[in-house]
Structure formats: C-alpha cells, structure tokens
Amino acid sequence: MGGAAALPRAQDGEATSPGCVRERPLPLGEQAQRWRRCRLTQVRWSRYGPEYRDPRVEKEHYRKPAAELTEEERYDRELRKTQLIKAAPATTTGSVFEDPVISKFTNMMMKGGNKVLARSLMTQTLEAVKRKQFEKYQAASAEEQATIERNPYVIFHQALKNCEPVIGLVPILRGGHFYQVPVPLAERRRRFLAMKWMITECREKKQRRTLMPEKLSHELLEAFRNQGPVIRRKQEMHKMAEANRALAHYRWW
Amino acid sequence: MAAPCVSCCGALCYRLFIGSRVTLAPRQGFWKTAAAEFQRGAGSQLLKPIHTTVVTTKKNVPVSRHETYTEEFIKKQIEEFNIGKRHLANMMGEDPETFTQEDIDHPEQIFPKQRAIQWGEDGRPFHFLFYTGKQSYYALMHEVYGKVLQVEKHQNQLQVKGVLPEKTEIRDLIGSRWLIKEELEEMLVEKLSDQDYTQFIRLLEKLLALQCGPAEEEFVQRFRRRVPTQSQQQLREPVQYDERGVAFSACEGKRKSARAEAVVYEQGSGRITVNGIDYLLYFPVLQDREQLMFPFHFLDRLGKHDVTCTVSGGGRSSQAGAIRLAMARALCSFVSEKEVEWMRQETTKLLSHRSLEPCWWADQPATAAWLWSRKNWDPNSDVQERADWTQADGCGGMGGHENVCCPQRHGVSPPEHRGGVVSATAPHCIRAHVLLISIRLSHSSSQRVFITTTDCPSTQVMGCLHIPVETDSKH
Numbered sequence: 001m002g003g004a005a006a007l008p009r010a011q012d013g014e015a016t017s018p019g020c021v022r023e024r025p026l027p028l029g030e031q032a033q034r035w036r037r038c039r040l041t042q043v044r045w046s047r048y049g050p051e052y053r054d055p056r057v058e059k060e061h062y063r064k065p066a067a068e069l070t071e072e073e074r075y076d077r078e079l080r081k082t083q084l085i086k087a088a089p090a091t092t093t094g095s096v097f098e099d100p101v102i103s104k105f106t107n108m109m110m111k112g113g114n115k116v117l118a119r120s121l122m123t124q125t126l127e128a129v130k131r132k133q134f135e136k137y138q139a140a141s142a143e144e145q146a147t148i149e150r151n152p153y154v155i156f157h158q159a160l161k162n163c164e165p166v167i168g169l170v171p172i173l174r175g176g177h178f179y180q181v182p183v184p185l186a187e188r189r190r191r192f193l194a195m196k197w198m199i200t201e202c203r204e205k206k207q208r209r210t211l212m213p214e215k216l217s218h219e220l221l222e223a224f225r226n227q228g229p230v231i232r233r234k235q236e237m238h239k240m241a242e243a244n245r246a247l248a249h250y251r252w253w
Numbered sequence: 001m002a003a004p005c006v007s008c009c010g011a012l013c014y015r016l017f018i019g020s021r022v023t024l025a026p027r028q029g030f031w032k033t034a035a036a037e038f039q040r041g042a043g044s045q046l047l048k049p050i051h052t053t054v055v056t057t058k059k060n061v062p063v064s065r066h067e068t069y070t071e072e073f074i075k076k077q078i079e080e081f082n083i084g085k086r087h088l089a090n091m092m093g094e095d096p097e098t099f100t101q102e103d104i105d106h107p108e109q110i111f112p113k114q115r116a117i118q119w120g121e122d123g124r125p126f127h128f129l130f131y132t133g134k135q136s137y138y139a140l141m142h143e144v145y146g147k148v149l150q151v152e153k154h155q156n157q158l159q160v161k162g163v164l165p166e167k168t169e170i171r172d173l174i175g176s177r178w179l180i181k182e183e184l185e186e187m188l189v190e191k192l193s194d195q196d197y198t199q200f201i202r203l204l205e206k207l208l209a210l211q212c213g214p215a216e217e218e219f220v221q222r223f224r225r226r227v228p229t230q231s232q233q234q235l236r237e238p239v240q241y242d243e244r245g246v247a248f249s250a251c252e253g254k255r256k257s258a259r260a261e262a263v264v265y266e267q268g269s270g271r272i273t274v275n276g277i278d279y280l281l282y283f284p285v286l287q288d289r290e291q292l293m294f295p296f297h298f299l300d301r302l303g304k305h306d307v308t309c310t311v312s313g314g315g316r317s318s319q320a321g322a323i324r325l326a327m328a329r330a331l332c333s334f335v336s337e338k339e340v341e342w343m344r345q346e347t348t349k350l351l352s353h354r355s356l357e358p359c360w361w362a363d364q365p366a367t368a369a370w371l372w373s374r375k376n377w378d379p380n381s382d383v384q385e386r387a388d389w390t391q392a393d394g395c396g397g398m399g400g401h402e403n404v405c406c407p408q409r410h411g412v413s414p415p416e417h418r419g420g421v422v423s424a425t426a427p428h429c430i431r432a433h434v435l436l437i438s439i440r441l442s443h444s445s446s447q448r449v450f451i452t453t454t455d456c457p458s459t460q461v462m463g464c465l466h467i468p469v470e471t472d473s474k475h
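Note that the protein sequences, when read in sequence, are chains H and S.
Sequential numbering of the first sequence, starting at 1, is according to UniProt numbering.
Sequential numbering of the second sequence, starting at 1, is according to UniProt numbering.
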C-alpha cells in the first residue's frame with residue numbers, strides 16, 4: 001500500500017497490473033481496447049465497510065492547541081487515531097471558497113455528469129446577482145445603500161432559506177384512497193425541496209432565449225425579497241396543508 | 001494411511017527430509033483407555049482418557065469425523081516440529097535460533113484446540129455446570145458476576161464507614177477493543193449465541209463502570225485486544241537527494257485506473273509540472289487544480305514546494321485524485337508525525353484510493369440447471385443419475401481464484417487479507433460437484449461465495465471463497 005519502491009514499473013507494451021506505474025501513457029486506442037475488455041461497472045454501494053468514519057476537512061479544527069480543547073473534543077481526537085477514515089471526495093478542497101450549499105445546488109443542476117457546465121452556470125449566476133445588486137447600489141441614495149446586500153453568497157443562502165417549506169404533504173393510503181396528509185418535514189427534505197423548486201422553476205418557466213444564469217439570478221433576487229414564483233409555491237403548499245389539517249391524525253409517526 | 005490433513009504438509013516435509021520415524025496420525029484401532037490421571041492444573045489442563053474413532057480409507061466415507069488428540073500428543077508434535085525446524089534451518093544455512101517462516105504451519109494451527117471428554121469413568125461430569133450445555137461460558141459469567149458483587153460489597157462497606165471511594169482516572173479504553181464473538185468462542189472452545197456474547201460484554205462493562213481494583217482490571221484486560229493506531233501503518237518515504245543536493249521525495253498514488261507518481265522538492269515556489277506540461281494547461285478545470293492544491297493548503301505549505309509528476313490512465317478527475325494522493329504521501333516525509341495523523345484523519349488520502357468494482361458477474365458461464373425431459377428418462381433404470389447436474393464450474397468464472405478454503409471464521413477479516421485471496425488448502429478436500437448457490441454481497445471489501453457439495457445427502461456448506469474486489473484485472 002504505502003511503499004513506492006516495492007511497486008513494479010511497466011515498460012510500454014507490457015500488461016499492467018494494479019499498482020504498476022507505466023513509464024509512458026498508452027496510446028488512446030490501446031487504452032480504450034483494454035477498457036472494453038475490462039468491463040468495469042458503477043457500483044451503487046460503498047466500497048467502505050461500516051467501520052470507516054467520515055473525514056473532517058477543516059484545518060482549523062486540527063490547528064487548535066490542546067489546551068483549548070474540551071474534554072469531548074480531546075476524547076474524540078484520541079478515538080479517531082484508531083479509526084479508519086474514508087478518503088475525501090473530489091469535490092471537497094478545504095478551501096475558504098468552498099460552500100456546501102453551493103456544491104449541493106451545483107450537483108442538482110448538473111445534467112448527464114457535466115459538472116463543468118453546471119459549475120460555470122453557477123459562477124455566472126453568482127456574478128449576475130452581484131452585478132445587478134451593484135448597479136442598484138450605484139443608483140441608490142445614501143440611506144438605501146446601507147440596506148442593499150451585495151454579497152451573492154448571502155443572497156443565495158437567504159433566498160433558499162426563504163423558499164424552504166415548513167410543512168409538507170404526504171400521500172397516505174386509507175380505505176383504498178390516497179389522502180394528502182400534512183406532515184412536518186425534516187431539515188434536509190426542506191432544503192432539498194427549496195433547491196428543487198428553484199431549479200424546476202428556472203428550467204421550465206423561462207422565455208426561449210433567456211439563459212439559465214440570467215433567469216436563476218432573477219429568481220434568487222426575488223426569493224431574497226420574499227416574492228416570486230418559488231415563494232408562491234411554498235405558500236400554496238402551506239395553504240394546502242392548512243386546508244387538509246383535518247387529516248392530520250392519519251399520520252402515525 | 002493417508003495423512004488426515006493436507007495442510008500439515010509443511011510439517012510433513014521435515015519428516016521426509018529427516019527420515020525419522022514419526023507417525024503423524026493416531027494409530028488405527030482403538031486407544032487403550034488408561035486409568036484417568038487427574039492433574040489439577042490451572043483448571044483447564046486436565047488429562048483425560050480420549051476415545052478416538054477408527055479412520056478408514058474407504059472412498060465413499062466422508063472424512064468429516066472429529067479427530068481428538070491428547071495434549072501429550074500435541075506437545076510431542078510441537079517438540080518434533082521444533083527439532084525439525086532446526087534441522088531445516090541447518091540445511092538451508094540459516095541460523096536455527098532465529099529461523100521463522102510464515103508458510104510453515106505450526107502444529108497448534110493444524111490440531112485445533114478441542115474439548116477433552118468431560119466425564120469420568122463412572123459417567124459423572126467433572127464440571128458442576130456441565131448440564132447447562134455451555135459450561136465454560138456460564139462458569140465465566142458466574143466468575144464475573146461474583147467479582148461485580150464483591151466490588152459492590154466493598155464499595156458499600158466504604159460508604160458505611162464514610163470513606164469516599166477514591167476516584168480512579170478514566171482508563172484508556174480507546175487503544176483497545178473488546179474480544180469479538182469468534183475470539184471468545186475460540187477462548188472458551190464452545191459455541192456461543194449472539195445474545196450470550198452481548199450479555200457477557202455488558203457484564204464486563206458493568207464491572208468496569210464500578211470502581212474496581214487492579215486485580216479486576218487485570219482480569220478485564222484479558223478480554224480486551226489492542227487496536228493499532230492507524231497512522232503508524234502509514235509508511236513514510238525516506239527523503240532522497242538529487243545530484244544538486246536538493247532534497248526531494250517521490251511517491252506513487254492511484255485513483256480508479258489512474259496511476260501517478262509525484263516528486264516533491266523541498267525548496268520551491270509552488271510550480272507543478274504534470275507530464276512535462278504546466279498544471280494550469282494540463283488541468284483547465286478549476287476543480288482539478290483545487291485537488292492539487294489541497295494537500296499543500298492543508299499543511300500551510302502553498303508555494304513552498306515544487307512538484308514534478310507523471311500520470312497516466314483514467315479521466316481528468318481521477319488523474320487529479322491520483323496526483324493528490326501521490327503528493328500527500330510524498331509530503332509525509334517533510335512533515336511531522338502529528339501532521340501526518342491530521343492528514344490521515346482528515347482524508348486518508350494517504351492510505352486509500354477509491355475505485356470501481358469490476359463486473360465480475362458478467363463473465364461467468366451460465367450454469368445450466370437440471371432439466372428433466374421425457375426423452376432422456378429411462379423408466380427402467382433404478383438409479384437416478386446425479387450426473388445430470390452439470391459441473392457448474394462456478395469457481396472458474398471467478399478468474400483463477402479457485403482455492404476452496406477450509407471452513408474459516410468469517411467474522412474477522414484482518415486488514416492483511418483484504419487485498420488477496422485467503423488461500424488455505426482444505427484439509428477435507430472432496431472431489432465434489434460444486435454448485436454456486438448464493439453470493440452474499442456485503443459492505444466489506446471482499447465478497448463471500450458459499451460453496452456447497454452435492455455428494456452428501458444433505459447440503460453442507462463446505463466453506464467459502466473470498467473474492468477480492470479491489471483488483472481491476474480483466475477476468
């Protein structure tokens with residue numbers, strides 16, 4: 001696993017085994033042929049056993065001197081020394097610019113594994129948001145300037161938070177009929193619904209020639225002000241839940 | 001007669017070399033039941049008369065009887081093994097004092113610990129808990145509970161006197177773990193159920209929770225095993241020096257099918273060259289460059305090292321991941337132990353890599369089921385031919401890992417077995433038609449396939465085949 005010296009080196013044209021480092025990369029056709037013979041598949045389950053723990057990426061956590069740690073943190077650190085830990089995924093970088101909400105949103109926007117496109121759309125959206133707010137800032141008077149928010153990340157987070165529904169509807173089968181029963185939603189379900197509504201809204205309800213960043217930035221700004229179609233959808237969901245409150249006792253969990 | 005175990009061939013070859021007249025197997029025929037000699041030892045070493053069964057060489061008799069061996073016999077075997085080992089060391093020119101070889105089976109492994117007969121000539125059992133069925137287990141529970149009561153009584157006495165019990169420090173329970181069920185079974189030479197095991201551990205934890213003295217501590221430590229600190233398993237590549245005297249460190253890394261080798265120079269200004277091309281041109285996507293930056297950023301060493309790497313295979317993301325792993329490993333040589341541990345905890349980008357699973361089920365031959373057809377049926381034949389079953393060579397499809405293992409303890413899969421096949425030769429190898437019946441997919445990194453035999457009237461699980469899943473070789 002660790003020692004580099006032990007691993008054999010393959011010359012070009014030789015069959016490689018895992019762990020063997022090739023001197024020069026194979027020509028493209030040759031590699032493709034080997035791929036076809038190889039037949040790898042995507043695995044849906046995790047390659048890690050249950051004893052593996054998730055990694056922690058924030059480096060400040062490790063830089064804290066021992067004196068500042070609480071009992072719990074000290075115990076946790078000691079414990080982790082003996083535990084096996086998974087490798088960090090390719091999306092985590094530990095950089096200050098990394099935002100988990102933005103990453104999640106980018107992944108949801110992604111189609112067909114085209115992360116490059118999704119990420120560029122995201123950055124263009126944030127840029128568009130910033131530009132619009134900056135124009136407004138320039139055009140506004142001194143008192144209004146204090147109220148205008150220009151940080152696109154803050155706008156993004158606030159907009160999604162405003163779009164999160166508090167209560168949801170779940171179809172429950174009773175007596176051969178499905179009833180829409182109001183049910184409190186978990187935190188992650190709420191976040192997911194907010195993002196999902198935002199993305200569907202932007203994909204379906206836009207004019208033919210508008211690009212995604214433009215539409216998305218417009219929707220985000222409206223949601224930030226508690227206006228717009230996504231907020232309306234959330235409010236409709238709440239109204240329906242209110243209307244169906246008589247069925248609330250159908251819920252058993 | 002044929003040796004009962006093929007796997008003691010290691011021991012056998014000593015004998016053949018030396019030519020000493022040693023019988024490996026118990027003699028044919030019956031042991032004379034000697035008068036029982038009782039030797040009160042530590043409680044578990046009692047000499048008792050042993051009855052063995054006759055072992056024949058008939059072909060159709062399955063060789064699955066339980067052979068029992070006296071402790072005398074085993075001791076004698078151990079002595080002869082050691083003498084044989086010294087002879088072999090002499091022959092090979094090695095020093096007999098320090099001669100070890102991993103593939104020579106030690107007699108303790110060939111003749112597993114077995115229970116002696118538990119009753120005397122008059123038929124009365126020796127142990128007072130014999131009729132519970134699990135005498136060692138219940139005896140142990142009894143002992144532990146006795147200790148718990150003792151400690152509680154002691155504490156009550158102290159409380160009555162008004163003396164506060166001394167607060168002992170919290171023991172370091174992190175570096176050790178409880179015995180697992182299989183280890184406990186091995187210790188007691190008894191089969192246990194899961195509930196038995198959980199009860200036992202709970203009782204021990206209860207004992208630990210009370211403030212017990214050093215004697216009880218020592219007793220409890222017998223049931224704990226050390227857990228290694230993971231960072232010590234990380235090898236640190238030694239620092240090398242090139243012709244200009246600049247220190248560098250070279251390491252390899254892989255991710256999916258990409259293989260990378262990175263050479264990290266100690267002095268530098270943060271330039272990274274990949275396959276002779278600058279990293280900015282080789283990785284136009286920002287995400288890949290962030291991956292390259294990751295190890296340096298984590299250790300606050302951005303812009304302090306120069307890196308030259310070569311990479312091949314995989315796609316752009318896996319190449320970036322492979323280089324990241326290689327760089328992180330190379331950086332270990334310039335960095336303190338503590339930081340190595342941080343890196344490991346943070347990501348184990350040092351130790352592991354992620355890969356796809358090869359499509360092993362696609363290459364298997366279609367196992368033809370037995371199909372009855374009137375055309376092939378002879379109404380006058382009395383014997384139903386079992387050869388209707390095709391020899392489903394289920395193992396063949398697995399690509400060369402064809403060793404049928406002897407029944408092993410499945411619970412523990414130590415890290416060193418993960419990468420390869422656990423291939424022990426089966427002591428009771430039958431030429432049987434092997435039928436692949438089930439594949440149990442588990443979260444562990446090796447797949448287990450249960451192999452049954454159709455020769456016996458009832459299907460028995462003969463053993464299991466460990467298939468390593470990390471290899472991406474073509475099969």
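Since the hints were made in silico from the structure, they are not lab data.
You may find that some hints are simply not true.
[Said to hold, decoys possible] Here are the simulated DSS-like pairs of lysine-lysine, each with C-alpha atoms no more than 25 Å apart in a straight line:
hint	chain 1	residue 1	chain 2	residue 2
1	H	Lys111	S	Lys256
2	S	Lys76	H	Lys115
3	H	Lys59	H	Lys132
4	H	Lys104	S	Lys206
5	H	Lys239	H	Lys196
6	H	Lys115	H	Lys130
7	S	Lys256	H	Lys86
Status of the hints after comparison with the structure:
no., hint, verdict
1, Lys111(H) x Lys256(S), "22 Å, holds"
2, Lys76(S) x Lys115(H), "69 Å, violated"
3, Lys59(H) x Lys132(H), "35 Å, violated"
4, Lys104(H) x Lys206(S), "45 Å, violated"
5, Lys239(H) x Lys196(H), "19 Å, holds"
6, Lys115(H) x Lys130(H), "23 Å, holds"
7, Lys256(S) x Lys86(H), "15 Å, holds"
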